[in-house]
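J.: Order-wise, the sequence lines are chains A and B. At position 32 of the first sequence the residue is numbered 32 (the working numbering), and the sequence of numbers has no breaks. Here the working numbering runs 1000 ahead of the position in the second sequence, where the first position is 1.
The set of hints was computed from the structure by calculation and includes no laboratory data. Hints may contain errors.
[As the list claims (entries may be wrong)] Which bits of chain A does chain B cover? Going by a derived footprint, with three or more residues having C-beta under 8 Å, they are: (1) 23-30; (2) 35-46; (3) 124-137.
In this text, a Cβ means the ideal position worked out from N, Cα and C, and glycines have one as well.
The lines below spell out each chain.
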Amino acid sequence: MKFKIAMALVIASVSTAAIAGQAEDQQVKFRQSAYSFAAWNCSKIKSQTVEHPETYNKDQIIAAANAIAAVANSGLGALFGPGSDQATGWKKSRLKPEFFQKQDEVIKVATAFNKEANELQKVAATGDIGAIKTQFGKLGETCKNCHDSFRLKDDAK
Amino acid sequence: MSVTIQVWDLPLRIFHWLLALAVLSAVVTGEIGGALIDWHGRIGVLILGLLVFRLIWGFVGSSHARFTNFFPTPSKVVSYLKGHWKGHGHNPLGALSVIALLGVLATLVGAGLFANDDIAFQGPLFPLVSKSVSDKLSSLHSLGFNVLAALLVLHIAAIVFYARVKKHNLVGPMLTGKKLVPKDQAIEVSNAGVRRFVVALAISGVVAWGVGSGVQYLTPAKPAPTAAQSW
């Protein structure tokens, strides 16, 4: 009897752990997807304004900037639940554990990203390639600031 | 009685100060990121060219530039530490530092050529490897920078130590190429000449250009950036 109760407890705790882990894995998967999708749109903006400005297509750049802003404004913070630094999405998360202790700084870098993404959306609508290029550089800096602060440099994790 | 001898030839000095400037710019642009990351990439290709030039110059340059002249064997290092070394170019400890610096820079450049920043930058050789290999090399590139920073601190600390404690000016000769030595230690220094310099410069230029820009001719063309669908 005791053995059966013990077994039931073990199974219950293992499966809750598995389910909890699964939720965090799912968060990581969503957030990796979101940032990859944003990166795809960034690469289009870079290609058409920085590398090959002769290929600039206003509508495509507006669409790309809208997509980045939509990602930024989608409430990504909800995908950074406790324990998700240990979870695995498409690949192991490289979130630094101190992310959870430095919430003030997290809010700062995250808000900066949102602000520059929204600004890029506005600038894209004007069709001024030079201004888009400059604003795109500012957006890239906010990506990097977060990477520097909260992403492990070591990819072998 | 002291005499002046030539210790560093002009190409070596230009190499040294260009490299110092390029590394400094690479650090600044790499730290700031944003639009400057493209410049970080270009400077990296310049550093590649400088390193290739130094490698060639290590075989064909003037006496003190040659690797065979200063390669730090353990016995040379020991003899230097005991105070018996009597050369004029890189002393055996300095030579260890030179080789470490060049090796780490070569590693950083090599990894950087394949790196990506997960934002909108890829090194010129990124198309030749998979994304996961590029990610590994990117992390090697960032982590390796700590080693470079430590070596640069050591490099500058050693210069200060030689100036203050040993009363030995290392910066002056790297600017003028000349060094004052006791007359009985004066030696004839072979000069490499302009022709070798031009050839070395041409080879390093071609390698840097080939790696930085030419590789696109070897890889399958990327789909046109404007090939977007109506949906």
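J.: Are the hints correct? Go through all of them and say.
T.: Verification of the supplied hints:
Interface restraint, the segment 23-30 of chain A with chain B: violated (0 residues with C-beta to C-beta distance below 8 Å; minimum three). Restraint check on the segment 35-46 of chain A versus chain B: 7 residues with Cβ-Cβ distances below 8 Å, three needed, restraint holds. Given a C-beta distance limit of less than 8 Å, the hint that chain B covers the segment 124-137 of chain A holds, as 4 residues qualify and 3 suffice.
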